Amino acid sequence: MTARRAGLVACTTCCKVHHPGEATCLRCGSPLHSRDPAGLQNVWAWWIAGLIMYIPANIYPMLRTASLGHETQNTIIGGVFELIAYNSYGVALIVFIASVIIPVGKFVAIAFLALSINRASILSARARLHLYEVVEFIGRWSMLDVFVVAILSALVQFEFVANVHPGIAAVSFALSVAFTMLSAQSFDPRLIWDTDEADPT
Amino acid sequence: MDVDGLIACPACDALHYVVDVPNNAQASCHRCEEVLFAPKPDAMTRVVMLAATALILMITAVFFPFLDLSAGGFEQRSSVLDAITAFSDGLLLPLSFAVAALIVILPALRLIAILYAIGPMMIGYAPARHATAAFRFAQVLRPWSMAEIFIVGVAVALVKVGGLATVAIGPAFWAFVALVVVTTLNDTVMCRLTIWKTLEDRSRY
Ligand SMILES: [Zn+2]
Ligand SMILES: [Zn+2]
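Going down the list, the sequences are from chains Z and E. Using the numbering used here, the first residue of the first sequence is number 75, and each one after it goes up by one. Using the numbering used here, the first residue of the second sequence is number 27, and each one after it goes up by one.
A few of these clues could be false.
One-sided excerpt, in silico: chain Z residues whose CB lies under 7 Å from chain E [claimed, not checked]:
hint	residue
1	T86
2	G103
3	P105
4	S162
Stretch-level coverage of chain E by chain Z, calculated; a stretch enters the list once three of its residues show a Cβ under 8 Å from a Cβ in chain Z [claimed, not checked]:
hint	segment
5	48-60
6	129-143
7	150-162
For the record, the hints were derived by calculation from the structure and aren't laboratory data. In this text, all values refer to a predicted model and were calculated from it rather than measured experimentally. Heads up, the beta-carbon is just placed ideally off N, CA and C, and yes, glycines get one too.
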């Protein structure tokens with residue numbers, strides 16, 4: 075039995091159950107929705123904003139390194155190749171996962187979850203909930219590369235010898251990560267279960 | 027229908043009767059297996075202690091030197107504050123604010139909100155005014171507190187400059203590592219549902 079089928083409204087912040095008609099939770103004060111009607115729309119709006127920001131993040135330089143009067147620029151992928159050139163395979167893999175695999179996987183996963191609502195899906199509801207939890211847990215880690223750029227820019231300031239400055243891609247990448255986090259947070263996982271509402275539990 | 031004896035799973039909306047869950051045990055949703063209750067003994071005291079420790083570590087981490095870099099006769103000492111202000115030239119200024127918010131301001135606010143919501147209940151009985159709003163705020167801030175990601179970022183940055191310069195790790199780095207450990211401990215001790223119920227029970231005196 076679910077709260078919705080019982081004609082009740084549940085708070086997703088503190089789990090308290092309410093009679094319909096209550097606008098905010100009596101225990102914690104969060105806004106109450108049986109299912110937020112604008113929720114899915116917000117998911118897509120943030121998703122698109124995140125995708126738009128992800129494009130310049132990959133084209134423009136993330137890092138500008140000036141060494142003895144000669145400047146090199148590095149994109150996200152360029153930074154990964156540079157680490158491979160230094161034989162730092164492990165770290166290259168971490169950066170590649172955080173800045174390429176996680177963001178791309180997140181776009182695909184959120185779109186898949188949003189599209190699977192009210193349809194028969196190839197994944198069970200429980201599997202889709204796990205997918206959602208993984209997206210929520212791991213998505214924040216994409217911010218890693220932005221922090222690396224910030225730390226390098228602060229550390230490497232040696233006049234002519236070596237100088238590191240952040241590039242414009244750092245801004246669009248940070249925005250892209252923030253927007254996809256908002257997209258995932260707008261998704262109401264309870265929608266996943268509404269399709270098989272007919273089951274007897 | 028008496029709704030006070032019921033809770034609904036936040037992940038799948040399944041209804042459950044509220045039962046007493048013993049300390050160190052867990053109660054999960056029968057439908058989606060989400061952990062609903064995970065009470066720990068003396069949780070309130072431990073949460074407050076850990077949050078206070080984390081806040082002190084945070085202050086240490088921000089103001090003490092973080093890393094010490096030397097190359098070709100130059101030496102560069104930087105604190106977390108320097109990393110934050112690295113973006114401060116022109117167009118990238120908003121990014122400075124964002125980095126400051128994610129690694130220092132939001133984690134600090136979250137710790138203060140937890141202390142404010144639970145601290146008075148640990149010392150006395152009744153929660154402070156607006157304690158529920160403070161605890162809700164702490165819950166909203168959780169995904170945006172990225173101190174642990176920052177630490178991994180430092181490690182990656184160290185590898186990147188490894189060929190270029192010699193790096194010495196400062197006290198603030200260890201303070202930050204400790205901060206991450208303490209915050210993780212805090213999140214495992216804190217059972218949100220138990221705290222919400224306690225806040226509610228003790229608000230109506
Ligand atoms: Zn609530
Ligand atoms: Zn559930």
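Hint numbers the structure violates, sorted upward?
Numbers 3 and 6 - these are the hints that the structure violates, sorted from lowest upward.
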